[in-house]
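Student: Chain by chain, the residues:
Number of protein chains: 2
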Amino acid sequence: MALDESSLQKFGYMEREPLNAINIDPLQTGGILTEEARQALVQWGDGYSVCDFCPGTLDQIKKPKIKDFVHEALPEFIGADEVRVTNGARESKFAVMHSVANEGDWIVLDNLAHYSSHVAAQRARLNTETVSSTGHPDYWIDPEGYAKAIENVIDESGKPPSMALLTYPDGNYGNLPNAKKVASVCHEYDVPLLLNCAYSIGRMPIDANDIGADFVVGSGHKSMASSGPIGVLGVSEEYSDIVFRKSPTHKKKEVELLGCTARGATLMTMIASFPNVVKRTREWDREVENARWFSEKLENLGMNQVGDKPHNHDLMFFEAPNIYEISQKAKSGRYFLYKELKSRNIHGIKAGLTKFFKLSTFRVGRENLSTVVDAFDEIIKKYE
Amino acid sequence: MALDESSLQKFGYMEREPLNAINIDPLQTGGILTEEARQALVQWGDGYSVCDFCPGTLDQIKKPKIKDFVHEALPEFIGADEVRVTNGARESKFAVMHSVANEGDWIVLDNLAHYSSHVAAQRARLNTETVSSTGHPDYWIDPEGYAKAIENVIDESGKPPSMALLTYPDGNYGNLPNAKKVASVCHEYDVPLLLNCAYSIGRMPIDANDIGADFVVGSGHKSMASSGPIGVLGVSEEYSDIVFRKSPTHKKKEVELLGCTARGATLMTMIASFPNVVKRTREWDREVENARWFSEKLENLGMNQVGDKPHNHDLMFFEAPNIYEISQKAKSGRYFLYKELKSRNIHGIKAGLTKFFKLSTFRVGRENLSTVVDAFDEIIKKYE
Ligand SMILES: Cc1ncc(COP(=O)(O)O)c(C=O)c1O
Ligand SMILES: Cc1ncc(COP(=O)(O)O)c(C=O)c1O
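Protein sequences, first through last, are from chains A and B. Just so you know, we're using UniProt numbering here: the first sequence kicks off at 1 and counts up by one. Just so you know, we're using UniProt numbering here: the second sequence kicks off at 1 and counts up by one.
Next comes chain A alone, as it looks inside the complex:
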């Protein structure tokens, strides 16, 4: 591509299409910015804008109030001894794996783990043993499965895994396993536990110390109304010198964070949204109620929610045999559902899916959820 006037015109500012729709995309419902975050973006958008008064370490910046945020507010919010901001949940996971495990070591993860947990382990060149769920339809993770997996690793390698990981909730079914129990099983073997809270920190109350997790990761752009990429990483006192070890040559710089991470507007959006995010986690019960109400409505329309039931999270997985059947005959085939919803200004079920799909009810509100239910009702009737 020659970079001439006409090819350059392809780039520049672009409009986003589905901007004012009712959004039930699980990736997106928790990452919609607050008004404050939108203002922060404009105010702090320029490169390295937060670095005006940097004393050499991002999390020590006093103006704007990053230090208080990272060292006071976040530890309290997620119940972890030491917290840092990172470039995302996956980056947090890799930082922990790369710090506490050596190449060739084993780690244990639930088999509902996000792909990025596996890829992080592969990047750290680790072996993985997975804990099975009960499979369809509950996809329940038995905490005792962690004991079995740890024993398998000991049999295989002669020593316990370097760490275990639990996805809380997982990104497919929105299941919330018994994390406290998993932590205590792991600790019986002196195996530290990482809790992947990409879908929980910023949505529901999380207290890593109370659960007994040694590491906890969250995703700003997924669940903390932040403009990404940004994440959080909480570490217990016991492991903080390992994960947050300093450079031998550049004493202020933390090696695993490459000196600094969210060096700009992303962090300021997280801070901007924080008061609102804290408050919304206190309204979590209402979100669970809405999810259950929605699940029941969709089940009444012939779909089937799998995973925890009654459900405890806004992320839900539905099987939709009736929708699938329609797609077999509809003119636009498997894209019909996407198009029908789009024409009703509803965004978030992946284009082309009909047989099963996931969605999120987080902060959508009962009124908009009713609109979605009515849309499904209409669409099903239309093709009957």
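Bear in mind the hints are in silico, worked out from the structure with no lab data behind them. Don't take each hint at face value.
Reference listing, derived: stretches of chain B covered by chain A, where coverage requires no fewer than 3 residues with Cβ under 8 Å from a Cβ of chain A [stated by the list, open to error]:
| id | region |
| --- | --- |
| 1 | 27-35 |
| 2 | 112-122 |
| 3 | 159-170 |
| 4 | 255-268 |
Calculated pairs, DSBU-like style, for lysine-lysine (alpha carbon to alpha carbon, straight line, at most 30 Å) [to be verified]:
| id | chain 1 | residue 1 | chain 2 | residue 2 |
| --- | --- | --- | --- | --- |
| 5 | A | K62 | B | K339 |
| 6 | B | K63 | B | K252 |
| 7 | A | K251 | B | K350 |
| 8 | A | K252 | B | K67 |
| 9 | A | K339 | B | K63 |
| 10 | A | K253 | B | K342 |
| 11 | B | K279 | A | K65 |
| 12 | B | K246 | A | K350 |
| 13 | B | K297 | B | K382 |
| 14 | B | K342 | A | K67 |
| 15 | B | K339 | A | K65 |
| 16 | A | K253 | B | K297 |
| 17 | A | K329 | B | K63 |
| 18 | A | K339 | B | K279 |
| 19 | A | K339 | B | K331 |
| 20 | B | K329 | B | K339 |
| 21 | A | K10 | B | K10 |
| 22 | A | K339 | A | K350 |
| 23 | A | K62 | B | K329 |
| 24 | B | K339 | A | K63 |
| 25 | A | K339 | B | K253 |
| 26 | A | K63 | B | K10 |
| 27 | A | K355 | B | K251 |
| 28 | B | K279 | B | K65 |
| 29 | A | K252 | B | K342 |
| 30 | A | K65 | B | K10 |
| 31 | A | K246 | A | K67 |
| 32 | A | K10 | B | K252 |
| 33 | A | K10 | B | K62 |
| 34 | B | K355 | A | K246 |
| 35 | A | K350 | B | K252 |
| 36 | A | K65 | B | K331 |
For each label pair, taking beta carbons as the anchor points, the in silico distance ranges come out as [what the hints assert, rightly or not]:
| id | chain 1 | residue 1 | chain 2 | residue 2 | range |
| --- | --- | --- | --- | --- | --- |
| 37 | B | D241 | A | A2 | 21 to 31 Å |
| 38 | B | D207 | A | W293 | 20 to 30 Å |
| 39 | A | K251 | B | K62 | 44 to 54 Å |
| 40 | A | K355 | B | S6 | 48 to 58 Å |
This structure is a prediction, so every number in the text was calculated from the model and none was measured. Just so you know, even glycine gets a beta-carbon here, dropped at the ideal spot from N, CA and C.
Place chain B with the ligands on chain A using the hints.
Tutor: Below, chain B with the ligands alone, put in the same frame as chain A:
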């Protein structure tokens, strides 16, 4: 910190202080957003906004035009066979080091390398051999120094280093060494070269293939008018299967990028600014002229620019014995210069520095640069 109403009030939206000043901060002059990027921020600010039509790989997204940007425009712009976006220059450097070197291997870097190059090597658990510069006042890097450093590594470890790194320009003096010559010296030993263009890609024309660099990294928030954290990573065909290797279990995901990197507004700001950024690199001669003009003016006022002279880049390092002398007597001591400049609406020389400081003239323009020169003149006269 209890997260009650009063402590939460500390957070939320914050104003940035020195927003409308003349900015000569080397960290910031190349990262100031274009109008298009500012619009993109607002439009694409929400979490995972670019993922609406993701086929499973960020750089393959067709709508918005990420695929064309990453696979057509960027390779042309930086002269690299394969390009990806990353979370920043340091993240790009770590990705390369972690891919091409094994723990315990040696790499060679210039001794003007940015701290983040050293910290990236430490994170990858590598040993480093540095190439000395000629030191004060030129800080010139002799390409033959790379031969010597490579020989040293061979003597020490029995094999050549896994890679070499050259900072182009370095972040202190803004020196542009003979990169072509360094590349050819390294290639005589079959050692691949990484060119750190954090301060050049987006400011001046860069063609990695022409230079002979195997890897090239840039920084969006530093030099490409992008909202960070975001960077670029270019790799030659020879190494692209290594650096961009795919996950064995998740075939679409690149391991070293953890599946995806700049998953949101950061990338859309880079795309928004791109036409403008391409054009400004074509006006680089004027920037060099301005830098030289400014350097001469400051030297006439009793300061001394070290590094390449005449200078070839907007980033410059000045020794200021006269300013230092004033600071010894001034009421606000070593903060006097910062305060005097601030009162004249000039931002960017680090608070507390007087004896020497760096600054950047990039895109400041002759008129504003005159204002800065006049300010120095006034300040010096005021304290005479
Ligand atoms: C369960 C889970 N963990 C982690 C992630 C990744 O989050 P991030 O983009 O912050 O790395 C996701 C993203 O979809 C997820 O669903
Ligand atoms: C020479 C040089 N390289 C790399 C970096 C780091 O850039 P990034 O923030 O994109 O990692 C800097 C930042 O100051 C730099 O000066």
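Student: Next step is simple, just say for each hint if it's right about the structure.
Tutor: Comparing the hints with the structure gives:
1. 27-35: holds (count 6)
2. 112-122: Per the Cβ count (6), the hint holds.
3. 159-170: violated (count 0)
4. 255-268: holds (count 11)
5. K62/A x K339/B: holds (19 Å)
6. K63/B x K252/B: holds (18 Å)
7. K251/A x K350/B: holds (20 Å)
8. K252/A x K67/B: It is violated: about 38 Å lies between the C-alpha atoms, which goes past 30 Å.
9. K339/A x K63/B: holds (17 Å)
10. K253/A x K342/B: Holds: K253/A and K342/B sit about 29 Å apart, inside 30 Å.
11. K279/B x K65/A: Outside the cut-off at roughly 37 Å; violated.
12. K246/B x K350/A: holds (24 Å)
13. K297/B x K382/B: holds (18 Å)
14. K342/B x K67/A: Holds: K342/B and K67/A sit about 24 Å apart, inside 30 Å.
15. K339/B x K65/A: holds (22 Å)
16. K253/A x K297/B: violated (36 Å)
17. K329/A x K63/B: holds (28 Å)
18. K339/A x K279/B: violated (40 Å)
19. K339/A x K331/B: violated (70 Å)
20. K329/B x K339/B: holds (15 Å)
21. K10/A x K10/B: violated (42 Å)
22. K339/A x K350/A: Holds, at roughly 11 Å.
23. K62/A x K329/B: Holds, at about 28 Å.
24. K339/B x K63/A: Given pair K339/B, K63/A holds - Cα atoms ~17 Å apart, limit 30 Å.
25. K339/A x K253/B: With a Cα-Cα distance of about 28 Å, the restraint between K339/A and K253/B holds, given a limit of 30 Å.
26. K63/A x K10/B: holds (12 Å)
27. K355/A x K251/B: holds (23 Å)
28. K279/B x K65/B: holds (20 Å)
29. K252/A x K342/B: Satisfied, since the Cα-Cα distance of roughly 27 Å is no more than 30 Å.
30. K65/A x K10/B: holds (8 Å)
31. K246/A x K67/A: With Cα atoms ~18 Å apart, K246/A and K67/A stay inside 30 Å; holds.
32. K10/A x K252/B: Holds. K10/A to K252/B sits at ~26 Å (cutoff 30 Å).
33. K10/A x K62/B: holds (12 Å)
34. K355/B x K246/A: holds (29 Å)
35. K350/A x K252/B: holds (18 Å)
36. K65/A x K331/B: holds (28 Å)
37. D241/B x A2/A: 21 to 31 Å: holds (27 Å)
38. D207/B x W293/A: 20 to 30 Å: violated (59 Å)
39. K251/A x K62/B: 44 to 54 Å: holds (46 Å)
40. K355/A x S6/B: 48 to 58 Å: holds (51 Å)
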